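> Take a look at the letters that make up each chain.
There are 2 protein chains.
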Amino acid sequence: MKCLILAAGKGSRLSNMGKPKPIIKLLGLSLIERVILTLYKCGIKDFYIVVGYKAKIVKKFLDQFSKKKNININFILNEDWEKENGLSVLKAKKAIKEKFLLCMCDHIFNEALVFQLLESKIGDNEIALCVDFRINNPFINKQEATKVLVEDSNIKDIGKDLIPYNGYDTGLFLCSPVIFDAVEESINKFKDFSLSGAIKILAKKGIAKAIDAGQQAFWIDIDDYKAYKKAEILLLEIMSKKETDGPISKYINRRLSAKITKHLINTGITPNKISFFSFLISILASFTFLLGKYTYLIFGGLLAQISSIIDGCDGEIARLKFQSSKFGAWLDAILDRYADAFLLFGLTIYAYNPKNPIPVLFTGFFAMIGSFVNSYMADKYDQFMQKEFKKIRDKKFIRIGRDIRVMIIFLGALIDRVFLTLLFIAIIMNIENIRRIKVLYQHQGHI
Amino acid sequence: MKCLILAAGKGSRLSNMGKPKPIIKLLGLSLIERVILTLYKCGIKDFYIVVGYKAKIVKKFLDQFSKKKNININFILNEDWEKENGLSVLKAKKAIKEKFLLCMCDHIFNEALVFQLLESKIGDNEIALCVDFRINNPFINKQEATKVLVEDSNIKDIGKDLIPYNGYDTGLFLCSPVIFDAVEESINKFKDFSLSGAIKILAKKGIAKAIDAGQQAFWIDIDDYKAYKKAEILLLEIMSKKETDGPISKYINRRLSAKITKHLINTGITPNKISFFSFLISILASFTFLLGKYTYLIFGGLLAQISSIIDGCDGEIARLKFQSSKFGAWLDAILDRYADAFLLFGLTIYAYNPKNPIPVLFTGFFAMIGSFVNSYMADKYDQFMQKEFKKIRDKKFIRIGRDIRVMIIFLGALIDRVFLTLLFIAIIMNIENIRRIKVLYQHQGHI
Numbered sequence: 001m002k003c004l005i006l007a008a009g010k011g012s013r014l015s016n017m018g019k020p021k022p023i024i025k026l027l028g029l030s031l032i033e034r035v036i037l038t039l040y041k042c043g044i045k046d047f048y049i050v051v052g053y054k055a056k057i058v059k060k061f062l063d064q065f066s067k068k069k070n071i072n073i074n075f076i077l078n079e080d081w082e083k084e085n086g087l088s089v090l091k092a093k094k095a096i097k098e099k100f101l102l103c104m105c106d107h108i109f110n111e112a113l114v115f116q117l118l119e120s121k122i123g124d125n126e127i128a129l130c131v132d133f134r135i136n137n138p139f140i141n142k143q144e145a146t147k148v149l150v151e152d153s154n155i156k157d158i159g160k161d162l163i164p165y166n167g168y169d170t171g172l173f174l175c176s177p178v179i180f181d182a183v184e185e186s187i188n189k190f191k192d193f194s195l196s197g198a199i200k201i202l203a204k205k206g207i208a209k210a211i212d213a214g215q216q217a218f219w220i221d222i223d224d225y226k227a228y229k230k231a232e233i234l235l236l237e238i239m240s241k242k243e244t245d246g247p248i249s250k251y252i253n254r255r256l257s258a259k260i261t262k263h264l265i266n267t268g269i270t271p272n273k274i275s276f277f278s279f280l281i282s283i284l285a286s287f288t289f290l291l292g293k294y295t296y297l298i299f300g301g302l303l304a305q306i307s308s309i310i311d312g313c314d315g316e317i318a319r320l321k322f323q324s325s326k327f328g329a330w331l332d333a334i335l336d337r338y339a340d341a342f343l344l345f346g347l348t349i350y351a352y353n354p355k356n357p358i359p360v361l362f363t364g365f366f367a368m369i370g371s372f373v374n375s376y377m378a379d380k381y382d383q384f385m386q387k388e389f390k391k392i393r394d395k396k397f398i399r400i401g402r403d404i405r406v407m408i409i410f411l412g413a414l415i416d417r418v419f420l421t422l423l424f425i426a427i428i429m430n431i432e433n434i435r436r437i438k439v440l441y442q443h444q445g446h447i
Numbered sequence: 001m002k003c004l005i006l007a008a009g010k011g012s013r014l015s016n017m018g019k020p021k022p023i024i025k026l027l028g029l030s031l032i033e034r035v036i037l038t039l040y041k042c043g044i045k046d047f048y049i050v051v052g053y054k055a056k057i058v059k060k061f062l063d064q065f066s067k068k069k070n071i072n073i074n075f076i077l078n079e080d081w082e083k084e085n086g087l088s089v090l091k092a093k094k095a096i097k098e099k100f101l102l103c104m105c106d107h108i109f110n111e112a113l114v115f116q117l118l119e120s121k122i123g124d125n126e127i128a129l130c131v132d133f134r135i136n137n138p139f140i141n142k143q144e145a146t147k148v149l150v151e152d153s154n155i156k157d158i159g160k161d162l163i164p165y166n167g168y169d170t171g172l173f174l175c176s177p178v179i180f181d182a183v184e185e186s187i188n189k190f191k192d193f194s195l196s197g198a199i200k201i202l203a204k205k206g207i208a209k210a211i212d213a214g215q216q217a218f219w220i221d222i223d224d225y226k227a228y229k230k231a232e233i234l235l236l237e238i239m240s241k242k243e244t245d246g247p248i249s250k251y252i253n254r255r256l257s258a259k260i261t262k263h264l265i266n267t268g269i270t271p272n273k274i275s276f277f278s279f280l281i282s283i284l285a286s287f288t289f290l291l292g293k294y295t296y297l298i299f300g301g302l303l304a305q306i307s308s309i310i311d312g313c314d315g316e317i318a319r320l321k322f323q324s325s326k327f328g329a330w331l332d333a334i335l336d337r338y339a340d341a342f343l344l345f346g347l348t349i350y351a352y353n354p355k356n357p358i359p360v361l362f363t364g365f366f367a368m369i370g371s372f373v374n375s376y377m378a379d380k381y382d383q384f385m386q387k388e389f390k391k392i393r394d395k396k397f398i399r400i401g402r403d404i405r406v407m408i409i410f411l412g413a414l415i416d417r418v419f420l421t422l423l424f425i426a427i428i429m430n431i432e433n434i435r436r437i438k439v440l441y442q443h444q445g446h447i
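Chains as they are written, first to last, in our numbering: chain A, 1 to 447; chain B, 1 to 447.
Note that these hints are calculated values from the structure, not bench results.
Just so you know, these numbers come straight off a predicted model, no measurement behind them.
Careful: at least some of the hints might be erroneous.
Because identical chains share one entry, a pair is satisfied inside a single copy or across any pair of copies.
[Claimed, not checked] Calculated lysine to aspartate or glutamate pairs in the EDC-like style (CA-CA distance at most 16 Å, straight line): (1) K438 <-> D332; (2) K205 <-> E151; (3) K94 <-> D157; (4) K142 <-> D161.
Whole structure, please, built from the sequences with the hints as guidance.
Next up, the structure:
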């Protein structure tokens with residue numbers, strides 16, 4: 001399916017940022033890059049972009065992007081970019097003869113919206129707008145947003161100052177070529193050059209549908225600096241979440257890692273390099289433990305916790321910049337296992353007592369094997385839990401994973417109770433492993 | 001799709017085995033159970049079985065089986081079971097009105113043949129026979145087999161004493177109801193009650209197709225005691241192979257485990273119990289190491305190797321008795337990780353020198369983490385290798401897995417060189433892990 005992106009306007013309320021609006025950077029990617037990559041991830045491979053204001057600069061930027069990512073981009077020039085955005089749509093009339101997606105370069109959205117639209121079916125002479133019915137959606141600037149009035153999935157009216165209304169225009173459309181006629185009609189009859197004008201006409205004819213954006217939707221219209229800053233905060237918050245995060249990750253590490261990510265995201269650093277850097281800090285921590293003094297122990301514990309926090313950044317950057325890869329996830333997991341083992345081995349040597357070595361060695365061993373097997377079984381267990389218990393019981397289970405282990409090590413180091421720390425880890429990890437075997441045994445038909 | 005299984009004959013050449021032929025046991029399952037379970041695994045859910053000789057006994061047996069496995073079985077009685085098998089087919093005329101699979105209770109086959117047939121397309125008035133074109137196939141008793149002459153995928157002639165011929169009748173057919181008419185014609189015109197008679201008629205009309213059984217096919221017609229024993233050997237050999245087996249598994253362990261499996265398969269012991277038993281032997285081995293004397297060390301090494309051999313039986317029995325489960329494979333892997341760690345920890349304590357503990361502890365630690373991570377990464381690495389290198393380079397890579405590790409432990413214990421053993425494992429495992437990271441890094445787009 002083709003996708004038409006409107007990127008011709010000046011975006012004057014953001015003009016103080018020194019760049020044409022489409023190529024303003026937000027968390028490591030320009031606005032239009034994010035729009036394209038989100039759609040690309042949903043399977044859209046063929047892009048038509050209407051450029052106008054500073055067309056040369058925008059085109060040059062996107063040409064490079066297109067080559068680098070090997071994504072097909074066609075440009076359409078709208079020299080009348082000072083007029084409203086309906087005209088930009090109309091410029092694509094010759095290029096697009098079938099159903100297509102239509103979106104704005106300055107509306108950031110997540111994949112949920114795209115899938116809602118792609119799954120919906122419209123007639124050959126209809127259009128559909130993705131509508132957010134969450135009237136009190138905190139993402140939305142109520143004053144600036146385009147409102148819609150929807151009845152029985154049909155758009156009745158649309159406009160910025162509409163009253164009453166029951167949803168917001170997310171800026172994402174599924175169109176048939178009937179939209180071009182509607183823009184022409186709006187221009188000729190009402191001298192209205194806006195896309196909303198065309199939608200109004202289609203609404204009156206009863207052929208403008210509303211598709212619910214759904215509860216998973218995230219979108220934001222970045223039309224001024226305030227919205228830009230809001231988008232930055234929200235995007236970072238949403239993209240830094242991961243379904244399998246344990247409680248320490250969720251409530252502590254992610255808050256800190258998101259802050260680091262915000263600084264790192266505009267550098268060229270890759271997620272894999274961050275994984276490796278976090279790994280090195282863990283190794284450093286475990287060597288610090290080997291030195292055998294309490295001061296070093298505290299320092300090592302702190303390093304371990306810092307490493308655990310930084311370990312969140314690789315995934316955050318990967319998700320924010322669309323750099324996630326199976327290899328990256330695999331490498332991160334492998335390095336985490338080595339890091340875990342080094343930390344526990346470092347603590348074992350710290351607690352090692354030459355006069356009575358056996359208890360410490362056994363405890364260190366059980367902490368290590370317990371932690372390792374815990375990670376080894378996590379993949380399948382998490383899959384199972386997600387499949388079976390998602391709605392019913394998910395919240396009852398605390399996932400005792402790496403975030404908790406490292407936090408225990410950190411706390412144990414702070415209070416200089418290394419043997420107890422190892423013992424605690426050994427006990428909870430192995431008990432948790434046995435519990436998981438039991439859970440999966442009881443539900444073995446469902447794995 | 002429905003499946004018709006002929007199980008009415010007396011099978012007089014196997015009558016000395018004390019049971020009606022369909023329910024004679026071969027490696028833990030009766031012949032007909034194996035046929036049904038093989039088909040069931042290929043997605044066939046609806047069975048019609050023609051019984052005749054000792055129908056009550058066979059029916060009772062299959063009724064129980066049907067309930068236990070929750071598989072739908074319908075019975076068709078052929079009182080004239082002393083006549084040839086074409087008549088048994090004809091008895092199903094009323095029950096089956098559409099395309100169906102046809103097979104014999106005494107032809108054991110693997111899934112490859114079924115998939116070949118299911119993927120082939122036949123016309124509404126055609127039948128297809130799965131034909132083995134491997135003329136010198138060692139599975140086949142050339143004297144007894146039914147031969148076929150095939151030209152351009154059409155069966156030209158069929159018969160036991162056919163000359164010339166270029167393939168063998170595997171006993172597996174994809175039929176349309178035209179087969180019933182052909183049997184009737186064969187009986188009425190030629191007084192020939194055999195299925196071959198009907199196929200001959202269809203062959204003459206040019207509507208009997210031959211489908212190549214392919215290179216992955218395994219099948220055997222069990223019509224006398226010699227064939228029964230041959231089937232036992234071949235089935236055990238084939239089912240005990242596993243694609244991811246390392247060299248020690250392949251050339252040593254599997255030969256021994258297959259012998260154990262042959263004895264265990266007729267007991268009720270489940271694969272999971274065998275996994276657990278093998279795990280216990282490993283734990284015993286590691287405790288033996290802890291005792292710290294050379295005699296115990298040898299004994300422990302031997303136990304470790306025995307455990308590694310027995311660890312093959314769970315999978316073999318699971319495959320032979322269609323008891324494979326994701327939970328079973330998962331549990332086996334988890335227990336292997338614990339067993340590995342215990343063995344290496346046992347050796348570390350054996351080699352532990354209180355006067356100079358650090359080298360041994362470090363070496364033991366690296367052997368452990370190296371082995372852990374090796375298993376941790378194996379899944380994804382194996383998947384990748386299978387996908388990318390199957391034909392080109394697979395044979396260049398030796399998979400350094402658990403079979404090799406335990407063999408090294410066994411040999412190291414025999415010659416009382418425990419520290420060197422740990423050092424060797426630590427080095428090869430960690431180098432192998434780094435090599436794998438490198439390989440996957442270089443091919444990361446393909447993971």
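> Each hint: holds or not?
Here is how each hint holds up against the structure:
When the C-alpha separation of K438 and D332 is checked against a cutoff of 16 Å, the pair qualifies only between copies, where the shortest distance is 14 Å, while the shortest distance within a copy is 28 Å. Taking CA atoms no more than 16 Å apart as the test, K205 paired with E151 passes inside one copy only; the shortest distance there is 14 Å, against 65 Å between copies. Proximity of K94 to D157 under the C-alpha cut-off of 16 Å is found in neither arrangement, the shortest distances being 28 Å within a copy and 63 Å between copies. In this assembly of identical chains, the alpha carbons of K142 and D161 lie at most 16 Å apart only when taken from the same copy (10 Å versus 88 Å across copies).
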